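Take the sequences, apply the hints, and build the full model.
Protein sequence lines, in the order shown, are assigned to chains A and B. With the UniProt record's numbering, the residue at position 260 of the first sequence is 260, and numbering never jumps. With the UniProt record's numbering, the residue at position 240 of the second sequence is 240, and numbering never jumps.
In case anyone wonders, no lab produced these hints; they're calculated from the structure. In this text the structure is predicted, and so the values were computed from the model without any measurement. Treat the hints loosely; a few may be bogus.
Interface residues of chain A toward chain B, partial, derived using beta-carbon atoms under 10 Å [to be verified]:
id, residue
1, 37
2, 88
3, 92
4, 311
5, 313
6, 316
The C-beta atom is built at its ideal place from N, Cα and C for all residues, glycine as well.
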Amino acid sequence: MTTTVPRPPGRRTVRDRLFRLAETVTTPLLPEDYLDLIAPLRSGAALRGRILDVRPETRDAATLTIRPGRGWRGHTPGQYVRLGVDVDGVRQWRAYSLTSAPGRSDGLISVTVKAIPDGRVSNHLVRRARPGTLVQLDQAQGDFVAPVPAPERVLFVTAGSGITPVMGMLRAGAPATADVVLVHSAPTPDDVIFAAELRGLAARGAIRLVERHTDTDGVLGVAELADLVPDHLDRQTWACGPVGLLDAVEAHWAANGAADRLHTERFRPTVISPGAGGDVTFTRAGVTVRADGGTALLDAGEDAGVLMPSGCRMGICFGCVVPLRQGAVRDLRNGEITTAVPGDNVLIQTCVSAAAGTCDIDL
Amino acid sequence: MTAIQKKAHNPIAHLTAADIDALGRELDAIRDRVLASRGEADAAYIRKVIAIQRRLELGSRAVLLFSLFPPAWLVGTAGLAVAKILENMEIGHNVLHGQYDFMRDPKIHSTTWEWDHVSPAAQWKHSHNQLHHTYTNVLGKDNDLGYGIMRVDEDQPWHPIHLGQPLWNLINACFFEYGIAAYDLELGRNLRKGRHKAPEFRARARAVGRKIRRQFLKDYIIHPLLSGPSFLSTLAATFTANLIRNLWSHSVIMCGHFPEGVETFEKTSIEGETRGEWYLRQMLGSANISGSRLTHIMTGNLSFQIEHHLFPDLPSCRYQEVAPEVRALFAKYGLTYTTGALPKQVASAWWKVIRLSLPSRATPAPPPAGGQVRTDALATSSV
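The structure is reproduced here in structure tokens:
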């Protein structure tokens, strides 16, 4: 779905001229900096959304209903959206599966978040997020989507919050005419996200639901699938859940020559465990050096011949700030750890930061 | 003042190297405590100030469209002056220091911010954040000492040209943003040394030229044109607002390092300087302004110049909170916390500019023979 309609050339020129005139008045700011004060969701603004509602699903999961900005281009069931959320005043980006059906008449979208232990963003969204809050958005992405036309026989294997992209597909009615089996695993019956809706779908005969509760039934093993869903290898299968489950599922499907019928989504963030020192790659210079935990990245880069921006070399002037693409660094002054995963684009001061693991620096 | 190393009564002679180290650790502890609690409230504060400033600026400019009507002129000019002061002092200066980089908001970040000032942010960050904040009050290193055009220390040699410096200072105050732009360009030095044809200097000069053009077009052409019949009165209004902003920021900045009681340092004294010694230099090289919450906001919290120089990257809204602890450390280590009300500090700074426009009565004693004078060695080498 796209909403970009080409404007008549005449109007566009007038509009552009008006914007250029507005820019001469608002310089050094842009007209959008003022417009953002009153209409942050307008068309043409950086993509944002406003949280309208936070509804608990289980004791540790909640669904956020969001009104996306006018620039939202919609999504395909199963896709995820990256959300930029200010937690304790610091913007953090995380990806969450869209659980709403696309193209709702009210234009709203929803994501369902499960609070993971020590998860800064997930706990904030589940327990502290309030209606009215603005969040930053990216366009929907991801290829964990149901094909069109729908296959005849479908199997979903999910665990925990792995149900969320599948719920997006089920709500979209995809695949409505197919024979759908959902094998879902959660610690207890109360921990099943969307339990009532899923059981309702099963009661209506829209899907066959196999619930596994690990507290009583133990962890779901792939070997059991043969009993639960005898024709599982013949079905187009979508699996989403913890790394252990996905590894086992992928190995099982591959071993049985059915890998082409399996689609998986790994949505847990890369776990970065900070240590002391590590390999530092200056991605644009194409240089990798081994830096110890006591050497500033600025020194490590300069020693390796990378042209590093620098200033006071004592952490006060912010003249050496560069993006950390991914990895972990430690502040040499107080030991504070900063981590980044691709897309975060965290800016760090190289003169007071040392490697705390493998790092990619955008230089 | 005279470089601290040459003073008869050296104010830090009683401190041992161990004392200075301990002082540094205590200041680090204050910094770490603020960092640990830095977060939502600080982010909300700067966003609120930015929102207020933008509404005030837009509102004032809208009112000025009718500036032919005298009350509109007064209200609009006052509002625009306040908006420009807020933008430069509490927002621009502090955001460009990286005080709010922790928010990871690309719209409020030292690497992306541009301010309502003729000096481009990038050039100002270099001369201010890097040179001035690193070499604070070091003679020959910190050009903020007299901006390279005035004599503000007895140790700077007197020259007849200094007779005119009260006048230079007044002109500089009126057109302060241009003074800053020239200063960030190191215009005087580059012209003197014939470096004005160097490609690096020319590129920077062009950037300043572009910035001046944009600022000028906005304030003196487009906005008056939009005012139609109020063209001339709006022109007068934006000029007045810029003048008020310039006089105000010049006064605040003079109060930071020029009043009596502020110390200066010799170039050799900072060789091999420890963290504690750097902190000590910042403590002695800066002066505060006492006043109300409004004073603090309108000075961009540079009324806490001492705290700002100790912790230039902490959010400005936290300086007031740490000031009592910092002041207690001054008392504990027997140091003088220089502060005073704005009129008193401005008068003190101006008096110094006037006094030093004349040659000094006595030449200061030379430093002790045969040795580097360093802050940590002063206990025994002061004269």
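* Asked: Regarding the hint that residue 311 of chain A lies at the interface with chain B, is the smallest CB-CB distance below 10 Å?
  -> 4 Å, holds
* Asked: Given residue 92 of chain A was flagged as interface, is its beta-carbon under 10 Å from a beta-carbon of chain B?
  -> 8 Å, holds
* Hint status (Cβ of residue 88 of chain A to nearest Cβ of chain B, threshold 10 Å) -> OK, holds: residue 88 of chain A within 10 Å of chain B, min 4 Å.
* Return the status of the interface hint for residue 313 of chain A: holds when the least beta-carbon distance to chain B is below 10 Å, violated otherwise. => 8 Å, holds
* Asked: How about residue 37 of chain A: closest beta carbon in chain B under 10 Å, or not?
  -> Since the shortest Cβ distance to chain B is 6 Å, the answer is holds.
* **Interface hint status, residue 316 of chain A versus chain B (Cβ within 10 Å)** => Constraint on residue 316 of chain A satisfied, holds at 5 Å.
Every hint, counting from the list given before, is met by this structure.
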